[in-house]
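Trainee: Spelled out, the chains give:
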Amino acid sequence: MSIIYSIDLLGTMVFAISGAMAANRKHIDIFGAAFTGFVTAIGGGSLRDVFLNLRPVWVDDGNYLIAILTGVTISILANKYLDRLARTLSFFDAIGIGFFCIVGVQKSLSNEASAIAAIILGMFSAVMGGVIRDTLMNETPLIFRKEIYATACLSGAILYIVLGLFEVDSTVNAFLSAAIIFFIRLVAVKFKLSLPVIGG
Amino acid sequence: MSIIYSIDLLGTMVFAISGAMAANRKHIDIFGAAFTGFVTAIGGGSLRDVFLNLRPVWVDDGNYLIAILTGVTISILANKYLDRLARTLSFFDAIGIGFFCIVGVQKSLSNEASAIAAIILGMFSAVMGGVIRDTLMNETPLIFRKEIYATACLSGAILYIVLGLFEVDSTVNAFLSAAIIFFIRLVAVKFKLSLPVIGG
Amino acid sequence: MSIIYSIDLLGTMVFAISGAMAANRKHIDIFGAAFTGFVTAIGGGSLRDVFLNLRPVWVDDGNYLIAILTGVTISILANKYLDRLARTLSFFDAIGIGFFCIVGVQKSLSNEASAIAAIILGMFSAVMGGVIRDTLMNETPLIFRKEIYATACLSGAILYIVLGLFEVDSTVNAFLSAAIIFFIRLVAVKFKLSLPVIGG
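Chains as they are written, first to last, in the working numbering: chain A, 1 to 200; chain B, 1 to 200; chain C, 1 to 200.
Chain A on its own, in the form it takes in the complex:
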């Protein structure tokens, strides 16, 4: 569990960086950048927890807030290098969404959500922070624009449920399913794959 927890904190930090960077690009002040980093990092998981009728994890565990502050600080200090680091960040981002998604599925199942709801809540955990970030920035949410993003989460979440039916060990299952999300995401970015548009 300790590895998953560390990855969850790392993912939170990466999401905070991506939120703060989005704000910096819009020339929003330091506080606004921190605020945007914060809601990007906690948005998805908080929504999942609220839908499960739980308190979001950061309300009780200060480590998440420290991870976010670290991420925001990094985005401020390293602002001029972040463009050059874009590739590295998108790598960590892909790892982050993979784990956020699978941790979300696990938490939903262990709180007795139905399997299909767990898939959706897992996906929400991974993508809703970004949706809220983009809505705040007054932009069309990225998941509507960008190569296979949420679909990667969907695939990984379904895989986790299916492997669970075959009683695969849950830690192995988590790493495998998160890896699939990561892999689909990277391939999609590499080859600029996208889904068909209806009536387009």
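Keep in mind that the hints were calculated from the coordinates and are not lab data.
On a predicted model such as this, the values are computed, not experimentally measured, just so you know.
Take the hints with a grain of salt, since some may be wrong.
It does not matter which identical chain is meant; a pair holds if it fits inside one copy or across any two.
To be verified - In the DSS-like style, the derived pairs of lysine-lysine whose C-alpha atoms are separated by at most 30 angstroms in a straight line are:
#1 Lys-80 x Lys-190
#2 Lys-192 x Lys-80
#3 Lys-26 x Lys-190
#4 Lys-107 x Lys-26
#5 Lys-192 x Lys-26
Knowing the structure of chain A, use the given hints to seat chains B and C on it.
Mentor: Structure of chains B and C alone, referenced to chain A:
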């Protein structure tokens, strides 16, 4: 209760169609359309449930998710005919908001919300899905632009509370109040009625 | 407690006025103005309560809804004078955010949130109503544009926690911390202070 449940599922499906159609019109990909259909369908009811400190119904009952998937699939398969079906859909939409609203009032009252809060939560159930849809699509929410929409809900919700004070049977009351919402909505659309603008 | 409660109701009313005014400026109809007033007034506190896994206070206490209706009515009746009253309103607004913030910190602490989460939830109570209002109005949220607004809340919330460690009486502490928020806000408006922009 079984009739109300069926109507609730049908309303969920119609809302999913309206959300997915909005996304299709913006040339968003299949996944984005499904996502938009989903949040449109569950947005209002989930907000109500969260405010009542309950788990949204779809977290435990997979039928709602099946209704949404059906709605999204219809919007994809029938995309080129949906414009011709607009009148039919707006008919079902009016039925949907009527029942969503009254079911919301009932659920709020049976969870010990105050009468005035129940009216607001009923209205939220019916309109907030659309508000979230429009916000995601980066448009001014429809309830700010369109003929008597939420006001119809308000009237029906108040009627339900008043008839309840006179101890009208709750099922009769529900159908009567939902019918009023439906009727006001249709008349407003027919005659393009709208509310006055302050300082306009 | 009665003074805090009265101020909380007054703050709710002022927030409802600010929301309804924003809608009026966009020539949205009466209902839309009331709706916007409502979500502006309850948005921040409701989000805080949901994150604390509590029912928002207005679901059980009708006085908040009456305060909001009063605010909306004032904004309609006094619409043409509200521009001249802008200075007075911004004075009350600054009082409102100060108390909303500190009441939010108190409520979070008494519901066993961590100190750092309480600071954030206090700030959320004060600013998220406005963020939701601006998002609905399709504008860049004010907290991203305007002089030291949320930062004032942050300072007051931290002060409240620090004074609490020194066991200052909680009512004295609340008034002192809210006063600091009020003071920082007024000075920032007066001198048009703003925070630095990263990479600007």
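Trainee: When no copy is named, should Lys-80 and Lys-190 be tagged within, between, both, or neither for a Cα gap of at most 30 angstroms?
Mentor: Close inside one copy (25 angstroms), not across copies (33 angstroms); limit 30 angstroms.
Trainee: Could you figure out if Lys-192 and Lys-80 sit no more than 30 angstroms apart (CA to CA) within one copy, between two copies, both or neither?
Mentor: Intra 26 angstroms, inter 28 angstroms, cutoff 30 angstroms: intra and inter.
Trainee: Between the shortest in-copy and the shortest cross-copy C-alpha distance, which are at most 30 angstroms for Lys-26 and Lys-190: within, between, both, or neither?
Mentor: both (27 angstroms within a copy, 25 angstroms between copies)
Trainee: For Lys-192 and Lys-26, with the copy left unspecified, which applies at a CA distance of at most 30 angstroms: within, between, both, or neither?
Mentor: Cα proximity of Lys-192 and Lys-26: in one copy and across copies (25 angstroms, 20 angstroms).
Trainee: My question is about Lys-107 and Lys-26: at a cut-off of 30 angstroms on alpha-carbon distance, are they close within one copy, between copies, both, or neither?
Mentor: neither (35 angstroms within a copy, 34 angstroms between copies)
When held up to the earlier numbered hints, the structure conflicts with hint 4 and nothing else.
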